[in-house]
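Chains E and Y supply the protein sequences, listed in that same order. Per the numbering used here: the first sequence = residues 29 to 226. Per the numbering used here: the second sequence = residues 683 to 997.
Warning: the hint list may mix true and false statements.
As a list, the in silico BS3-like pairs of lysine-lysine whose alpha-carbon atoms are at most 27 Å apart [to be verified]:
| id | chain 1 | residue 1 | chain 2 | residue 2 |
| --- | --- | --- | --- | --- |
| 1 | Y | 772 | E | 183 |
| 2 | Y | 749 | E | 180 |
| 3 | E | 124 | Y | 749 |
| 4 | Y | 718 | E | 217 |
| 5 | E | 180 | E | 210 |
| 6 | Y | 772 | E | 217 |
| 7 | E | 170 | Y | 772 |
| 8 | E | 180 | E | 170 |
| 9 | Y | 749 | E | 210 |
| 10 | Y | 749 | E | 126 |
| 11 | E | 210 | Y | 718 |
| 12 | Y | 749 | E | 214 |
| 13 | E | 180 | Y | 772 |
| 14 | E | 188 | Y | 772 |
| 15 | E | 214 | E | 183 |
| 16 | Y | 772 | E | 214 |
| 17 | E | 183 | Y | 718 |
| 18 | E | 188 | Y | 718 |
| 19 | Y | 772 | E | 210 |
| 20 | E | 217 | Y | 749 |
| 21 | E | 170 | Y | 718 |
Keep in mind the hints are simulated off the structure, nothing from the lab.
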Amino acid sequence: MSSDSSSKRKWTPTPEAFEKLLMHLSSDPNEAGERYEIIRVKLLRFFEWRSCDSPEHRVDEAFDRVMRRIDEGQTITNLMGYFYETARLIFMESLKEKSRTAAIVENTPTTVAPVAGADTTEEPRVQCFDDCLAGLPVESRKLILGYYESEKHEKIVHRKRMAIEFEIPMNALRIRVHRIRKDLEKCVKTCLSQHALK
Amino acid sequence: MSVEKDKAPSPRAYLLGTLSDEEGVHLEEEFFSDDKTFEEIEIAEDELIDDYLRDDLTRAERDQFQKHLLGNSRITERVKFAELLQQASKSAGQRKSIKPEPVSWWSSLIAFFSTPQRLGGAFAVLAVVIAGGFLFADWLRLRDESRRLVAERAELQRQNNSLEGQLQTEKRQMNDERQSVEALSTRLDEALNNLPDRSDAVALLTPLFLFPGGSRGSGGSNDVILPSRLSIVRLQLALESNDYPHYTAVVSRAEGPVAFRKTNLKPATKQSLAVIDLRFPSTVLTNGDYIVNVDGVRPGNSSFVATYNFRAVSK
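This is chain Y alone, in the form it adopts within the complex (with noise of 0.2 Å):
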């Protein structure tokens, strides 16, 4: 046949039968020879099938398959399986569609993103999870730095516990200092006002009475012989009244310091008068001018008394 084989007859138009004779007979002869051409002509035949029932064909092909064709029961018989198969075949794919078959993450990722409305969707998600990053570090900082100040203020209350706790010991250990103080003091009061008066112990000096004002008592100076040797000096301190339930005295030099103190002092009374026995060691005193200034006190304040004179002189 002279019919090229690089320009081989369509075997789509060989069945719609419009090739000519002499291309119609190459192709005959080549399907008659060749198993491969005579399968491409089958497979030409399903394909204007399918193109028929999708109503994919021309006019002119579908007014050619119509008379050409359709008219042969084998063919008939072959559009009704078509048809069945197109069916199957969309429903296959609405299932597949609604239960997809399993794929890697990888490739549902990129078939995911192959749409610009999703990437732009996919980059929005994106910054907010960045954000939501910042913003979750940023949370993580403020509570390790709410735990630190909370710590450091357990701590801070911890030492100030433990500062009070100390304080309050002191206090106690002060107190117990004070109160022993004071009890020794009064022990040694009471040590004094019980002693004999034994020329070989402690001497006893004379009563040195005195009045307010500087007046002198009952004859004599209101002179304090200082022996060579500890004495205790003995001073009896006239009031005008006796107004308070105790006194104090302070003995000092005449605009200097204090030379001896004396709390919650007790007036005796000697012949209708309130007399204070002051005593005190007679190392307190120096030669020179002395006052005794006597306070009176009750609970809640204290008021002056009376003033007293009198002059230390060493023998």
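Bound-form chain E, shown alone (with noise of 0.2 Å):
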């Protein structure tokens, strides 16, 4: 980090600094906040997918530092550009960081864990998934087991015929079953988090 993003991260958020942000994603509190998590979850993936180190961490700085802008009363016409652009800033000084990291390691390069084979045997994994799949409402249920049903050529043929007896386009359908898919993910990781804390 340079010393100027090092005074930046002197800033700390307030209270105060916080509901201005939400007032600029939205009047009403409720969709402010959905807008707030949206945008987490944007900034989260933008740094994942640029395969950024300490993701979350990176997510916090940007939005610390939106909030300083707004909360020094910066006019900000384009909210989510903003957050691109400053997300943009905090992955350039990310590599700028690691190039000064890497020549400390000299050189270590990224060590990939490659998963060879999900560990399905666990237990408490397989038990929430079961858990989770069978709370699921049954048309939900039946949509994504029969989504992913199929594989190669059969999966395209049959995905189609799944289209047309829930009578949606396939684009439709692959988004119905991604936000399963998602809700059930969520499901899983909660209860994956549960139990672990017993």
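Take each chain as given, in its own frame, and dock them per the hints.
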């Protein structure tokens, strides 16, 4: 990090600054909360997809910087554009930081731990998955299980048939399945975290 | 950015880190401002993970996936989740194939005949069914024919029984009539035999004694004088021997029709001579020559015994 960025990190978000950010997102507190969550996820994915280290820390940094500008009274017309530019700047800073670290470690290669087959024998994970799947509405369960039933070329034919059966376009089917899958993953994640607390 | 909208960078390539900086920035700007684009990239991530698990990635894609994404703990968790999801889907598919969900009979029929083998089989079954139908129809026709014949035979049997019944009835009636006639005849004979010789009643003519072969009796000729009114002609026929229990006598013209017949005659013995007393009405005779043939009768057979001659002459 540069000395400039170090000085920026000294700023500590206050509840008032956070309120101002939310007001920028929406006058409705609920909608503002939803928009905040969407931005958080987008920032997180941005850093992950750019293979950035400590993506969650970078997300916090991005929020802090934008809140500070709003708190200081800067007029931001394109808030999402501003978030993106801030995130991109943080990413560039992370690259510089990484190159400094690499010089110390002397080109230590990125260690990629290949997933040689997921460990599905983990009993809690399987149990959580089964419970969450059983908790889905019948149609959602039928849809997601049916969607991933076939493989290779048969998969395309099968999904077209499903789209006809559910009377929706293919792309709408993809999106619907993705959202069910997302909810299911969220449920499993929550379940596993609760299990870990026991 | 200079990237054209119609040449939108591939979310898949973005995730694998193979887009140019310019393309990557363009996509990032878009997904920050557009939730739908962001969701498209999320879906592309789902599909990359699925393809990775199913080994549907090219070698280059696989290498890139492992290098660019798999180092992330979130992606690692997602891979584990995806594997569970694929296993669950596969199991559900197998269960479904074992226990299919109810579908309409029409859909099932179409699905069943969707392969040439099954279609061919269906035609074979159809041919068998049609042939069976013809056989069944033929069997029904034969069955009806058989029933009709049985009914006709029963009707014929019934008619036959009825006719036999009628025949038996007629036979009984004829027998009764015959017996009645015979009884009447017997009673008539008895009446004739018992008639008193009264001149004012039916006149009994003088017996004419005849010997076999036409020889004359005791004096006189063999003439029977026929009176003008009804009389009883009486012939006494002498037998050379009495060898039969009873006799039949037939009176007829010489080579002419029978005038009178009398059965069951029994001879009487007169002065050691067996004599048959034959009586009949004079009306059976007209002028002319007659013969009387006598047969001896035993049970089971009868034999000629003798012939007698006489002549009828009107008074």
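Check: Does residue 217 of chain E lie within 27 Å of residue 718 of chain Y when you go C-alpha to C-alpha?
Finding: holds, 24 Å
Item checked: Hinted pair residue 188 of chain E and residue 772 of chain Y, Cα distance within 27 Å -> At roughly 18 Å apart (the allowed maximum being 27 Å), residue 772 of chain Y and residue 188 of chain E satisfy the hint.
Note to self: Checking one constraint from the list: CA of residue 217 of chain E to CA of residue 749 of chain Y, max 27 Å. Satisfied?
What the structure shows: holds, 24 Å
Margin query: Does residue 718 of chain Y sit within 27 Å of residue 210 of chain E, going by the straight-line distance between their CA atoms?
Written below: With a Cα-Cα distance of about 15 Å, the restraint between residue 210 of chain E and residue 718 of chain Y holds, given a limit of 27 Å.
Notebook entry, point to check: Would the pair residue 180 of chain E and residue 170 of chain E pass a check requiring their Cα atoms to be no farther apart than 27 Å?
Noted result: Within the cut-off at roughly 20 Å; holds.
Next item on the list: Compare the distance between the alpha carbons of residue 188 of chain E and residue 718 of chain Y with 27 Å, and conclude whether the hinted pair is satisfied.
Entry: holds, 22 Å
Item checked: Holds or violated: residue 749 of chain Y to residue 126 of chain E, with C-alpha atoms at most 27 Å apart -> Holds, because 17 Å separates the two Cα atoms, which is no more than 27 Å.
Next item on the list: Decide if the proposed pair is consistent with the structure: residue 124 of chain E and residue 749 of chain Y, CA atoms, cutoff 27 Å inclusive.
Entry: Judged against 27 Å, a Cα distance of about 20 Å means the pair holds.
Notebook entry, point to check: For the pair supplied as a hint, residue 772 of chain Y and residue 217 of chain E, is the alpha-carbon distance within the 27 Å limit?
Noted result: Answer holds: residue 772 of chain Y to residue 217 of chain E is near 22 Å, not above 27 Å.
Note to self: Does residue 183 of chain E sit within 27 Å of residue 214 of chain E, going by the straight-line distance between their CA atoms?
What the structure shows: holds, 26 Å
Item checked: Given pair status - residue 772 of chain Y, residue 180 of chain E, alpha carbons within 27 Å -> holds, 14 Å
Checklist line | Pair hint residue 749 of chain Y and residue 210 of chain E, alpha-carbon separation not exceeding 27 Å | finding: holds, 24 Å
The structure fails none of the hints (numbered hints given earlier).
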